[in-house]
Structure formats: C-alpha cells, structure tokens
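Work the whole structure out from these sequences, hints included.
2 protein chains.
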Amino acid sequence: MSTKKIFLEESEMPQSWYNIQADMPNPMLPPLNPQTLEPIKPEDLSAIFPMELIKQEVTQERWVEIPEEVREVYRIWRPSPLIRARNLEKMLDTPAKIYYKYEGVSPAGSHKPNTAVAQAYYNKAEGVKKLTTETGAGQWGSALSFAAQIFGIELEVYMVKVSYLQKPYRKSMMNTWGAQVFASPTDRTESGRNVLAEAPDSPGSLGIAISEAIEVAATRDDTNYSLGSVLNHVLMHQTVIGLEAVKQFEKVGDFPDVVIAPFGGGSNFAGVSFPFLQYKLREGKKLRAIAVEPASCPKLTKGEFRYDYGDTAGFTPLIPMYTLGHNFIPAPIHAGGLRYHGAGAIISQLLKDKVIEAVALHQLECFEAGVKFAKVEGIIPAPETTHAIAQVIREAERAKEEGTAKTILFNFSGHGLLDLQAYDDYFAGKLKDHNLTDDELYSALRKLDTPKIEQ
Amino acid sequence: MSTKKIFLEESEMPQSWYNIQADMPNPMLPPLNPQTLEPIKPEDLSAIFPMELIKQEVTQERWVEIPEEVREVYRIWRPSPLIRARNLEKMLDTPAKIYYKYEGVSPAGSHKPNTAVAQAYYNKAEGVKKLTTETGAGQWGSALSFAAQIFGIELEVYMVKVSYLQKPYRKSMMNTWGAQVFASPTDRTESGRNVLAEAPDSPGSLGIAISEAIEVAATRDDTNYSLGSVLNHVLMHQTVIGLEAVKQFEKVGDFPDVVIAPFGGGSNFAGVSFPFLQYKLREGKKLRAIAVEPASCPKLTKGEFRYDYGDTAGFTPLIPMYTLGHNFIPAPIHAGGLRYHGAGAIISQLLKDKVIEAVALHQLECFEAGVKFAKVEGIIPAPETTHAIAQVIREAERAKEEGTAKTILFNFSGHGLLDLQAYDDYFAGKLKDHNLTDDELYSALRKLDTPKIEQ
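The listed protein sequences correspond, in order, to chains A and B. Take 1 as the starting number for the first sequence in the numbering used here and just add one per residue. Take 1 as the starting number for the second sequence in the numbering used here and just add one per residue.
Do not take every clue at face value.
Identical copies carry no separate label here, and so any pair may be met within one copy or between two of them.
Claimed, not checked - Pairs of lysine-lysine, DSS-like flavour, derived with a Cα cap of 27 Å:
(1) Lys129 <-> Lys90
(2) Lys124 <-> Lys375
(3) Lys251 <-> Lys5
(4) Lys286 <-> Lys97
(5) Lys372 <-> Lys124
(6) Lys90 <-> Lys130
(7) Lys447 <-> Lys352
(8) Lys5 <-> Lys124
Hints are computed from structural coordinates only; laboratory data are not their basis. As the structure is a computational prediction, the values presented were derived from the model and not from experiment.
See the structure below:
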C-alpha cells in the first residue's frame, strides 16, 4: 500500500502561531504614518483594528497562542490533510516526491478562513458589532462571511463590481452565511460616490473597494475593518498551515527541499513556508521557498522595494514593500487573488535578504498545469493554486533531468469549483498571455511620490 | 477540548464492501427480462456491463473484496471524516448527539465517486474502451468523468438538456476531466432523434438521457454503460461510507440510534445505513434507518411495490421496486439527484419488511435546514443533503421534547458549491411547496402494464 494522505489528530493541532519576526536576519522596516512619515503607532490603527490584532502586528515574540475559541472553529476542517501526489509523480516520471497541503477542505474552499476566524474572534472579544471588508474574486469575502457568522458579527462586503456581476455564486455563498454584499463602487460611501460621479459605469477595482470598506469602518464606532493578506498578523495566522505540515512530514520522516506557493499579498506563501523557514533561519537547514506570482503582476520579480500604500486610494499606512505602484492595474486574469500591486513587508524583507525566491509565470502554463493535476489527482485547483502547480512541475522536471530525488511541498490553497468559468475560457482558447511592456510595467511606479528606501 | 472530527488512517480503510443480501430477512425478488418475464440471466446484461459487476449484482456473499487498484484511488479522499455537529446541537439545544459522515471531500464533491471508481476499474479490467452514462444535475456525470479519466477510459455523458443549460459548471467539471458532454436529446441516437422529431425543443429528461446512453453502449462493441444508483452493485460499492463510520463510532465508543440519508434511487442511503443495519439484522441491535425522499417524488411513502422499468423508455429489466411509474415526471426541484421515480430492489424489499423507514419532506423545510446548518457548521450542503439535515433537526427536536439523549448519524452526501443558484432562488422566495394531487401522484402508476407483486 502506498500511503497518500498524512492526517493529524485534532489533539496534534498547533497551539500557537509562528511569528517569523523573531527569526529574521534583518527586521522589517517600520510602516510609516503617511502624514508624519514617522513609524505608525498603535493608536493610528485603533479606529479600524482591535487592540489584540494591533499587538500581533508588532510583536517580536516567536510564538503567539491560538485562543481555544479559534481552535474550536478550526476543528471544523483542521488539521487539513497533507497529500502525496503520487499520480502526478508517475505522470511526470520524476524522481521527486511531491506533497501538497490541501486547504480546499475549509468551508469556504480555501486557506482564507485561517485568518478570517481569528480576526472575527478578536473583534468579537473586543465588543465589535460589525466588520467591513473588500473582496475581488470573492475567496476572502466568503471566508470572512463564514467567520463573522460563526461569531455573530455582522459583515458588509464591498465586492469589485465586475466580479460581483461575473461571479454571482461567490455572492450567494456570502449571503448564505448572512453577509451583506455590495457591488463597489456604491453610493454608500463618499469614496464610492466620488468615483460614480466621475464614472457612473465604473467596473470598480480592489483599490476602490478597500477605500469604501475602510471609510465605513473608520466613521462608525461599532465597526472595524478586516484585511485578508499583506499584514503581519494575517500572515502569522496562516502559519497554522505550515506548522501542521511540519508535524506531518515528521510522521513520514521527511522534510521538503523546496516549498512552493502562489503569491498575491503573501498570506498563502507565508502560511505554508514560514514554519519550515524557521529551521533555515535558526539552524541553517537547506530549503528553497519559492513564491509564484503571475507574470501580469510581477511585483516580486520586477517591482521596486520602497514605501507604498496598501490600497489604491492611499488610506493605509506606508508599507515597506516590493511594489508596482498602488495605481498599477493588473490585467483581469482569472487568478483574482493574485492581482495585487504589492507584497507584505515581512515577505519583502525576506526577498531582499535572499531568504526566499520568487518567479513569475504566465497564465496559460498555469492552467495547463492545473488541468494536468486535475486529471491525475482528481481535485480541480483554483486559478491561484495553478501557479504553484506549474512551478512544481518545473521543479519536478528539473529533478528528472538532473536525476536527483528531492522533496517538494506546495500549498494547495483552494479548489476551483467556483472558478469553472476560468476553465471554460481556457478550453475555449479565450485566454492569452501578454508580456508587459516597460511602460505598462513601470508607469505606476514612475508616478509614485512615496518615500524610497536606500538599497 | 471537544473533539469534532474522527479520522481513520488509510490503513484502517475497509478491505471489502458489505453485501446486505447475505443478511436480509427475505431475499429481494428477481428482476425480470421484459420479453420473457423470466428472471434475467447474466447474458441479458453482458452487452452493457462487465462480467464482474454482473456477478456482484447477484452474489449472496456477505463480503466482496475491494480491489487494491480501487482502494488506491479511494485514498485520494478516503477515509472521509466523521464529524460531530456540536454547533448544530448547541443551536438546537438538544440532548441528541449529531454526527455526519462528510462525503463532500471527494474530488467531485459527493459520495458518487465511491461507485464510479469501482465501475470504471472493472470496465477497464475487462478491456472496455469507452463508457456512456446519463446525468441530471451532474453529480453522477462528474463523478464518473473523474473515475473514467483516472483509468484512461473515454466517457460520453448524456446530460438532461435543461440541466445542461442551467448548470454549465457541472459540464465544465466533466470537460476538465476529459469527458464529452451532450445535451440530451441529441441527434446521435435513434431514441434522441425520435424525441427531437416530435419535439424539437424538448428540454429532455433523465429517462430520455438513459435511453440514449444505453442505446450507444448496446450498439458498440467496445462501449459499456454505467449507472449511478438503484442497482445492487452500486449500493454495495457505497457501503464503504458506512463501514468507515462503524469503525469511527467504535473509536469514540458510540453507536447510532438513528441513521438518516437522502433518498433518490438508494445508493446514498444504502451506503451509510447498510453497514449499521447488519447488526440489527444479525444481532437484533436496535436501530432506526430513515430514508428521506422529496415530497414531490414520494415513491417510498406513496408509491406501489411492483415490477417497473428503471428508465422511462423501458430499456432496463423489470425491477421489483417501490415506484410512482416510470413515466412519472417529478417537479423540477433543485435536489435533482432525488428526482427518480423508483427505488432499488433491495431497498424496496427492506422497506416492505419494515427493516427501514421512509419520510417525505417538502423543499422549503429542507432549504431552511440547510441554511441553518451552513450558518453554524460552515459547510453549505447540496440540495439533496438538506433533506437529511431537515429530518435530523426533526429527530433532534423530538429528543429535546422527550428529554432523551440519542445518537444521530446522517450522510452528508455532498456540498452545495455547484448548486448555489438553488440558494439564490430560496432566498429570493422563488421556491414554492406543492402538495401533489392524487391525479398528479397516481396517473403514471395507473397506466403501468408491468407485472404486479402479490402483497
């Protein structure tokens, strides 16, 4: 019998999240208050975040306890299985061993609930009655809808209008979990009304939706805002993925040589890789961690490391990040979760320090890889996840050429059952790859007036 | 810590399927050849089924070994978790313990792959190059697409046209796994052309789709036909669900008082309940097994026990079954998998012998139950599965009234991520319940000229 799945018992679930800030060779630079250009203070954030999450954002402690109330909800789907992709190995005829951590088992179908549940819990604990958030393709919005419902918090989701119209079933999920979903830009906020006044038919953007969600949270006493990636506490919550995987690898007496994950803002990649990277950082263990971004939004491989805003409207603190500029508009690829102009501050510092690697892949190679995977392993991956699979296939083929056995782990961040239109478009030949011109790539960066960082 | 999920290791997965025919108080009556009205012989079926499945259809052996090749594919998602619905218990404030076996973890999202994989394997082993099947809402068609792809068999799926148009993403799944999907009625078969000649705009029906699929299989040497429910071997393959659940209950030192499952043709219900019923049949253990059918298609509670065809066109053998008549057209409820006029022969005999029970529930109560479940337990159920949940809530509320602790198990047969339109319709108030008139209920039965069974 060839074992495929490595399970953990609920009792083996991690008790704490891992905070990589305790082990970084160089600390991340401080986010700045855009008005004063001074490092932000906790009170700068307290209008929209609960104090416990603000503390988690800055803590240098290596381990942060996961509250039992959060673990109780995690147990609906966690620990998630670690699965050996034996059929894929066979198809590729590779000496490499390929494992994936399957996060599609969560109610929302992706890794996003790992932080959504924690954020809803801390907000609830501090008496917050309502949350707002934005969502693009809807993975994050549906995860937070689920979490808010579980803790009895109301939720308003500002969903990019073009996605709201194209992906009606993500909205249905959010409604089923009791959230209100608005097509952004709306007339509910000043930022939304300003956009509509200039462009009544605006299809919306993630930047506008973030502005609307923050505006609502900032102007109401009982309402906070919640973000699905980029921030330190969000990345830390996701480490439950990799912490489980470390234990699962112990069970089979193995350890990955390469860890691969899709890259949007960083939570997917951080979640699976940070818990393994601690052994590289503290014990010098050899490990490659590869973030895979879309070629249409290549901030890690072609962006600039400098201060920039997390949102298009410039409501957030200035974050030290690899960025293409907060006004960069990525092409409407189907991997909506990867269409983000910047990278979280911790990730950016680790990339600068060459602790991690990044590659940018085109959409067609990713879909081809996704279909290959679905055919032999059964599970249909989300477009975001196909980016990791494409890189896994590259690594496995390299292993075959070199004749070296190696162990590859990737984060199967979500299933594609609500993204099947993307597969239809792929099969129908509607998807095209496009190499960005220098002008397309750098015009938003050239216009930035945010502080540079000395290289 | 309150344990929610009970896992099994892959090594604890059942080695054999359970055949309840070995333990039935009365054997099922033999299916008849419609021409001769004699019991069917293996050669009557060999044009469309492989010999090994024909043997499984008639065997009286209690245990039938699961081939290692099938177990190898099962291991992609099996053993599936048994989950304690603690949040639902809390919401209902019931002394009952509620467990569900979660089959939504399969690649196709339902229990259907349990038999699809077995059927594809046996066909492959006997040199069959191609399979045909029908599908309504698409759960079965997608499960067989996955299984056929894994074993390298081509597949033609005849999908009821109205579903083909309404549920395009089920088709996308099937395409991703390499199947050809046709909107039935097609011009590829005589039965399809006959329908189109009379009604060019026919929306199709499961009966027509079955006729097309059987016709293609019967007229090609290298092609077989595959069915997703009703038949003995199909029900037996599904017992892997209940066999795992028996072991999982052993781990927590419990045993259900009530087992509940949705009822279409019988595979969902048989899969979870038969392995528990063996202890009732052999050892006299107390156990209620409740099949939940839709009030719009109430063959178990209001049908007649007699011989009838398994399909509308009358291509199949005559099966001894509770039926509403093979020309009965159920209302277009969203639980497409339950829209079947009859019940498998084994189930029918067990119901006649009062070994099992049946109830019929209306759609609105089921959706209300499904939304309640999704809100507290996270997972959005398929419309079929909501039927089981509604009955679970009834039983749990009764337990509260009576002040008796009891243990309830239900089969969470599939998630609803490809059925979100149904939830939209429910929230929009578009769904109505309708009590069938005697005329609607019995007109198809009155026209039957198939053999009656002495009661």
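Quick rundown of the hints versus the structure:
In this assembly of identical chains, the alpha carbons of Lys129 and Lys90 lie at most 27 Å apart only when taken from different copies (22 Å versus 52 Å within one copy). In this homomeric assembly, Lys124 and Lys375 come within 27 Å of each other (Cα to Cα) only across copies, at 17 Å, whereas the closest approach inside a single copy is 43 Å. When the C-alpha separation of Lys251 and Lys5 is checked against a cutoff of 27 Å, the pair qualifies both within a copy, at 11 Å, and between copies, at 20 Å. In the homo-oligomer, the alpha carbons of Lys286 and Lys97 lie at most 27 Å apart inside one protomer (17 Å), although the nearest pairing across protomers, at 48 Å, exceeds that limit.
Taking the shortest Cα distances, Lys372 and Lys124 sit within 27 Å of each other only across copies (21 Å), while inside one copy they are farther apart (43 Å). Taking CA atoms no more than 27 Å apart as the test, Lys90 paired with Lys130 passes between copies only; the shortest distance there is 23 Å, against 50 Å inside one copy. In the homo-oligomer, the alpha carbons of Lys447 and Lys352 lie at most 27 Å apart inside one protomer (23 Å), although the nearest pairing across protomers, at 78 Å, exceeds that limit. With identical chains, the CA atoms of Lys5 and Lys124 are at most 27 Å apart between copies only, with a shortest distance of 25 Å across copies and 35 Å within one.
Of the numbered hints stated above, none is contradicted by the structure.
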